[in-house]
Structure formats: C-alpha cells, structure tokens
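For reference, the chains in residue letters:
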Amino acid sequence: MINPAVFTTTFLAAAVEIIEMVIIVVGVGTIRGWRSTLIGAASGLVILAALILALGVTLTLVPIGVLRLVVGSLLFVFGLQWLRKGIRRVAANGFRGMGARAAADDDIPSHGMDWTAWLLAFKGVLLEGLEVAIIVVTFGAAARAFPSAVLAAAAALVVIGGAGALARRAVERIPRSALQLLVGTLLSAFGTFWATEGLGITWPGADLAIIALAAWYALTAAAYIGRLRRHARPARPLAHASAR
Amino acid sequence: MIVSWLDWAGTVSLRGVAAFGKFWYGFIIGDDWTVAAAVAAALVVTWLLHTTGVTAWWLPPLAAVAATGASLRRISR
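From first to last, the protein sequence lines are chains U and R.
Its first residue numbered 1, the first sequence is counted upward by one per residue in my numbering.
Its first residue numbered 245, the second sequence is counted upward by one per residue in my numbering.
Misleading hints may appear alongside valid ones.
To be verified - Here are the simulated DSS-like cross-link-like pairs (lysine-lysine), alpha carbons at most 30 Å apart as the crow flies:
no. : chain 1 : residue 1 : chain 2 : residue 2
1   : U       : LYS85     : U       : LYS123
2   : U       : LYS123    : R       : LYS266
3   : R       : LYS266    : U       : LYS85
What the hints assert, rightly or not - Below, a sample of chain R positions facing chain U; criterion: calculated Cβ distance under 10 Å:
no. : residue
4   : LEU250
5   : ALA253
6   : LEU258
7   : GLY270
8   : PHE271
9   : ASP276
10  : VAL279
11  : TRP291
12  : THR296
13  : THR299
14  : ALA308
15  : ILE319
I should point out that these hints are in silico values taken from the structure, not numbers from a laboratory.
Yeah, the Cβ is synthetic: ideal placement off N, Cα and C, and Gly gets one too.
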C-alpha cells in the first residue's frame with residue numbers, strides 16, 4: 001500500500017538531488033565517454049542502495065516516539081535549510097533551471113577504463129545521492145512507510161534519469177530552485193509535526209496539521225521572497241547562491 | 245613497511261571520519277548554525293512548557309519562521 005504523502009514528498013526531494021546527479025553524469029559521459037561514466041554511476045547507486053537498506057532496516061527497530069523526535073528534528077532543520085536556500089535562489093534568479101556543468105576533458109584514454117570519468121560519475125552520484133538516501137530512510141521510517149519512500153526515490157531516478165538520457169537540455173531547464181523551495185516547505189512541515197509529536201504533544205486536527213504547517217511555511221516563503229526582491233538593489237543584485 | 249602501512253591506514257581513516265563529520269555538519273547545521281540552534285532551543289522550550297501543562301504546539305513553527313527571517317536578513321545585509 002502506497003502512502004501518497006510520503007511518496008510525493010520523497011519523490012520531489014529525491015528529484016532535487018537527482019537532477020544535479022543526472023546533469024553531472026550526462027556531462028561527464030558526453031565529454032569523456034559513456035562506459036566508464038555509467039560504471040561509475042552504477043557503482044555509486046549500488047552503495048546508496050545498500051546504505052538505504054541497512055539504515056532502513058535498523059531504523060524500523062527504533063520505537064516510533066523516539067524515532068519521530070530524532071528524525072523530525074533532523075528533517076525540521078534540514079527542511080528549513082532548503083526552504084532558506086530556495087527563498088534566496090527564487091528571490092535572486094526566479095524559477096530558472098540550473099544550466100549545464102562543465103567537465104574536464106583532458107587525458108581521455110583511448111581504450112580500457114577511464115578512471116577519471118568513473119570517479120567523477122561515482123562521486124557525483126554518491127555525494128548527491130547521500131542526502132536522498134537519508135531523506136528516504138528517515139522519512140520512510142518516521143512515517144512507517146519505508147517501501148513508499150524507496151519506491152518514490154526509485155521512480156524519481158527512473159523519470160529524471162530517463163529524461164536526462166533522452167533530452168539533457170530538458171533536465172537542465174527543470175526549475176531546481178523552485179523544486180527545492182517546495183520540498184523545503186514539505187520537509188519543514190513534516191519535520192515540525194513529527195518533532196513536536198515526538199515530544200508527546202498532540203496537534204490540533206491530528207494529521208491535517210501537516211497541511212496547515214505546509215501552508216504556513218509556503219506563505220512565509222512567499223513573504224520573504226517578496227521582501228528580498230524589494231530590498232535587492234538593481235546596481236548590486238543578490239549574489240547567485242552557491243550550488244549547495 | 246608495516247609502520248608506513250599503518251600511517252597510511254590511519255590517515256585514510258582520519259580523512260573518512262573528517263568527511264563523515266563534515267557531511268553531517270552540512271546536513272544538520274548548514275551555512276547558518278543559528279537556525280539549527282533556534283530549532284533545538286524551541287523544541288526544548290516546547291517540551292518544558294508541555295511538561296508544565298501549557299499548550300505549546302504553536303511554538304516550533306513560529307520559532308522556525310522567526311529564525312529563518314533573521315538568517316535571511318543577516319545574509320542579505
């Protein structure tokens with residue numbers, strides 16, 4: 001049985017990082033060749049899958065109250081980070097995609113394994129995927145819906161990976177900052193809800209409070225974006241926020 | 245030979261521990277520690293209020309918005 005809230009939030013959260021992952025892999029593959037790049041990407045994915053499985057099984061053994069307090073607090077601070085980054089990026093650059101990434105193209109071996117391509121793809125997948133793995137594991141465990149979270153991450157990988165393979169430019173145009181803002185809103189809402197419930201506090205309206213919290217953070221984001229835009233001086237526009 | 249191998253293994257594991265710590269610092273604290281600190285403080289105060297019988301579910305979302313606003317103000321200054 002799929003949990004729609006967990007599936008949607010995990011899918012979107014995974015999509016934010018997978019977009020970057022796919023851009024790196026497609027960029028490296030185009031410049032340095034596909035064989036070593038795809039082996040490197042697959043190696044990274046195998047490690048991530050093992051990590052998700054090991055952590056996921058371990059976390060389901062933790063009592064739900066403790067889990068929701070710890071995981072909720074983690075998602076709360078992490079969600080607020082993404083919310084803040086999303087606000088800054090959307091205020092500075094609007095809903096633009098992130099564009100192409102440059103990759104080095106020197107010393108490509110004519111045959112055999114290109115270890116530079118392997119390492120670039122491996123690191124790209126592992127580093128970008130680590131946050132996805134933690135979101136999948138914590139979110140799935142706290143909601144007691146681990147299969148929904150794993151399925152959502154896999155679906156995001158298939159959809160965005162497939163889009164990247166077919167049309168790289170389309171992936172580059174996905175407005176990652178807006179997606180990050182949306183996911184930041186959702187993670188903050190779930191994080192606030194679970195962390196507070198983990199303290200033994202009952203929310204008015206029970207699970208419906210999550211929707212109210214998401215609306216609260218969305219309105220906050222809209223207000224802060226408006227304020228940042230009003231205060232941005234035309235002569236010295238806001239610096240483009242760093243990639244991470 | 246063994247000593248140099250142990251040195252190498254020690255350096256590699258230290259780097260691993262540092263990278264692991266750096267990842268978690270970035271994941272939890274990020275580029276502004278005050279937001280994480282405000283969330284932690286808000287949760288502690290919420291729990292204290294709850295134990296004294298005061299309704300306190302409203303505090304974490306309010307603290308989060310205030311901390312985010314303060315952080316954005318500092319950054320955009």
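The hints, checked one at a time:
Restraint check: the Cα-Cα separation between U/LYS85 and U/LYS123 comes to about 23 Å, which is no more than 30 Å; the hinted pair holds. For the hint pairing U/LYS123 with R/LYS266, the CA-to-CA distance comes to about 16 Å; that is within 30 Å, so the pair holds. Distance check on the hinted pair: R/LYS266 and U/LYS85 sit about 19 Å apart at the alpha-carbon level, within 30 Å; holds. The closest approach between the C-beta of R/LEU250 and any C-beta of chain U is roughly 26 Å, which is over the 10 Å cut-off, so the hint fails.
Given the 10 Å rule on beta carbons, the hint for R/ALA253 is violated: about 21 Å separates it from the nearest Cβ of chain U. The beta carbon of R/LEU258 comes no nearer than 20 Å to any beta carbon in chain U, farther than 10 Å, and the hint placing it at the interface is violated. For R/GLY270, the interface hint holds, since its Cβ comes within 10 Å of a Cβ in chain U; the closest pair sits about 8 Å apart. For R/PHE271, the shortest C-beta to C-beta distance to chain U is roughly 6 Å, which falls under 10 Å, so the interface hint holds.
Because the closest C-beta pair between R/ASP276 and chain U is about 7 Å apart, less than 10 Å, the hint holds. For R/VAL279, the suggested interface contact is upheld, since its CB lies about 5 Å from the closest CB of chain U, less than 10 Å. At about 5 Å, the closest approach between the beta carbon of R/TRP291 and any beta carbon in chain U falls short of 10 Å, and the interface hint on this residue holds. The closest approach between the C-beta of R/THR296 and any C-beta of chain U is roughly 13 Å, which is over the 10 Å cut-off, so the hint fails.
Annotation: R/THR299 was flagged as interfacial toward chain U, and the flag holds, the nearest CB pair being 8 Å apart, inside 10 Å. The interface hint given for R/ALA308 is met, as the beta carbon of that residue sits about 6 Å from the closest beta carbon of chain U, less than 10 Å. About 7 Å separates the beta-carbon of R/ILE319 from the nearest beta-carbon of chain U, less than 10 Å, and the hint is met.
Comparing the model with each numbered hint stated earlier shows that hints 4, 5, 6 and 12 do not hold.
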